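Put the two chains together into one complex; each comes in its own frame, and the hints tell you how they fit.
So the sequence lines, in the order shown, correspond to chains A and B. Residue 145 in this note's numbering sits at position 145 of the first sequence, with consecutive numbering throughout. Count along the second sequence from 1, add 182, and you get the number used in this note's numbering.
Because the hints were derived from the structure by calculation, they are not lab data. Predicted model, so just to flag it, every value in this text is computed and none were measured. Be aware that a few hints might be false.
What the hints assert, rightly or not - Covered by chain B, according to a simulated footprint, are these stretches of chain A (three or more residues, beta-carbon under 8 angstroms):
| no. | segment |
| --- | --- |
| 1 | 35-43 |
| 2 | 67-77 |
| 3 | 127-135 |
| 4 | 139-147 |
| 5 | 162-172 |
| 6 | 175-181 |
Every residue gets a Cβ at the ideal spot worked out from N, C-alpha and C, and that includes glycine.
Each chain, letter by letter, is given below.
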Amino acid sequence: MADAGDLLSVTSSDKAVLLGLYEEKRANLVRFFAARLGSRAEAEDLVQDLYLRLSGMEAVGPVDNPSALLHRIGSNLMLDRLRSQKRSGARDNDWRAINTTAVAGQEIADEPSADEVVAGRQRLQALVEAVEDLPEKTRQAFQLHKLDGHSHVETARRMGISVSTVEKHISSALKSLTRRLR
Amino acid sequence: MSRSAQHLQEAADWLTRLQRPEVEETDWLAFDAWLSEPGALEAYDAIQAVDEEIFQRGPAVRGELAEPRRATVKRAFTIDWRWLGGLGAAAAVAAVAIVVAPWGELLPQPDTLYVTDKGENRAVQLADGSHIDLNTDSHVSVRLDKDARRVTVHDGQALFDVAHDSQRPFLITAGDETVRVVGTKFDVRRRDGQLSVTVLRGLVEVSTDGEDTPVRLRPGQMLEHVEGASGVVVRAVAAEDQVGWRSGRLIYRDQPLGRIVGDMNHYFDRPLRLEGETTANLRFSGVLIVDSQDAMVRRLTSLMPLSATPTDDSIVLRGKSSAPN
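In isolation and in its complexed conformation, chain B is listed as follows (with noise of 0.2 angstroms):
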């Protein structure tokens, strides 16, 4: 081994062992007579800084080991869709007429639909040279016709970010509201009959129907609706908030327990469910981050007053408080 490689493998065993759980002052006092060897210093910084950088990245590298896709394919944004259930179907049906037909260029393009799998991530560039960064479990579809842009949000969440185009207006359709932009990003969520939009840069007009004149929103701003109710809230928000999934984090302001057992449930197969009346109302502040379903488990229990039984085909939370069925 060369002498550098030396130092970087001595440099590597002292701040692994520097990690463990237990050290003591001889651990200290040893490294620091090692630090004082030749080449020690910088053998240590570097790997110390690698180490950090690690930490810090952790969940982006944990998404991106965990979709090994998107990892073998070395361009900064990939663009994957799939054809799925009744829509592919029309699709398939509209791709046929165009071969056969020679009037076919003259039927609507056909919308592509933008799948992610519970636990997955994707990055999406549209032709028009828009974003969408679909997260975990999210059904969105896209046509790019003359006169606009039209994106339907099936269900999910997305982040988008749109593009200039004045001649094209792209329009968002989810639920019973219409999104239209220029050329700005923003966050739209819907899942469960909930709407949110959030704005991060530019303008935002949200129409719902029913509402006769549409919300303006500004960066920092988010629109919450309920699907068929009337009337929509506007609040200030921290807006980096709503996209922390986007870096396998999610984020709660004084949010109750079923709203982050809902999140949760769109990153894994096996369901979490609440018992004991009070259980889904608990209020929780703080920052999940998006790993294994079992250590986000073990971190929710220990910042709140939960216990966590699994189950056969799911783990049920109960609150502490409430008294068992």
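Isolated chain A (complex conformation) (with noise of 0.2 angstroms):
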């Protein structure tokens, strides 16, 4: 497949029709990469660097369909990113996982006033009360999959229930939780 890099023979009128869908698509490409990643702040970095890559395309041929485009382009980059992770030995990432919990105020580093550690652990408390009131199986999914790191088919290998079930379990868990906590 093409890297993201050489798709392009494109003349600087599709270029300019491919930056102003960018603009128009931005915040749901956000909204898409977020889902993917985990993160809505690593989304959007994601999605600056698509505008990079975009914004620094010498031509563009014409194009079929914009907007697959600019999925494709932006799935390359994610998976760039994920492989360079992966040959760092996924550090980068966890190191930026600890950072955000220092300043999300969860302790260490910086001391949280007291405010913030007790408004903290409140939260906390009430995620893990939404997650024991779910029903069993929904929340036996949930656990594997959210917490435990399994996949939707490997959390149903264990299950022994099909994947579209572990989906659906998944995807209620999410709307029960969302209900209770937002």
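Shown next as structure tokens:
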């Protein structure tokens, strides 16, 4: 498959169309990649990279479906990211997670105020209670996938149910938790 | 189902679909189209925010779920302790003495022993307002006397947040070291004859048997000492790394595999064993999330040149470069 960088031999008007569409789809691209990356901030980064990639294109050929092209370039950028993270032992990602945790007021380095600590604990408690109140099978699927990090397929295998049933449980868990927590 | 509940369900379905390993262009186009429906954006953003929060707080949620007693008590901190072994018997005798003898109050206060099992973390609040967070597989005893607050770290690791009380110094004994503090936050670890003290806030004074002058530690400094040996090493560290265990993470910078395996074996009953001459000396830098033993071993073998072989009673790790015995 072509690398994101060499899909192109396009006119400047096509490029203007693509950049215009980018502006229009930007927020939804962030939403899309936030689901894939588990982080809105990372998705913002990625979509910013996408803009740099687009604006750096010399020329863009006639594009059948510009929106699909945005997705394709973005997905390639995402894979590049994941690959380079794997090469460095997924470390950057984890270090970032640590730093985010500290900034989010989970104690350690900066000594958050007592209020923040209490609020953080209360929020955690609410989350834990909401998970505990899920129906048994739903809670089990949620725990295997979201907390233990197993794929949909592996979760299905462990529970002896189909992948689509696992997805129904996960989806229903997300809905219940969101209704309780937001 | 109400309209907003309907939207939330659709949004959750979408997010779940987008998290499949294989996502196609058509998924993006359909997702983009769905977002233009009224109410979809708000519903999706709410679902995604909760999903992200779960992703970030996963280890903490997991820890709470794994510990039902704590999860059911709706307080920020819980006090929990057990009497154990020889100390337990001695303390029980002291308690009886108080009952039968009017002069019982004159006896020294008994030690209270706080213990965690493998894989367990525990938050303890002391009567003087100090907090202790105990890491997995740790034993700490506490005695609050009139002239001093005395804590002994028998084994394991604990983070102390000490309430200020100038009349009663807070003294911690770990092996042949005594840590003296006024009001501060720091981590003490005693495992396999290795002691370390890491300061997060305030000033801490560490005396070692056989050394004349105590060592003063500032935030971001870690003191290391081998029990029975002379001398200590003090170096600058990222103090938050040392207390990563509180959020379910073990954080290492250029540490030998032997140390990491030692740490992991305090979390799980089934031991990891190292085979091959050089295996224990393989170096590791990175973050290990503490979850299931299998998942941790899988991650370790993907990050290091290691193979893992389960046996009946253990898991054997072997460096890929070292020849089999």
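Quick rundown of the hints versus the structure:
1. For a cut-off of 8 angstroms, the count of residues in the segment 35-43 of chain A with a CB near a CB of chain B stands at 5, and the three-residue condition holds.
2. Counting residues of the segment 67-77 of chain A whose beta carbon lies closer than 8 angstroms to any beta carbon of chain B gives 5, which reaches the threshold of three, so the coverage claim holds.
3. With a cut-off of 8 angstroms between beta carbons, the segment 127-135 of chain A has 5 residues touching chain B; three or more are needed, and the interface restraint holds.
4. Remark: the segment 139-147 of chain A is confirmed as covered by chain B, as 3 of its residues place a Cβ nearer than 8 angstroms to a Cβ of that chain, reaching the required three.
5. Counting residues of the segment 162-172 of chain A whose C-beta sits closer than 8 angstroms to any C-beta of chain B gives 4, which meets the bar of three, so the coverage hint holds.
6. For a cut-off of 8 angstroms, the count of residues in the segment 175-181 of chain A with a CB near a CB of chain B stands at 5, and the three-residue condition holds.
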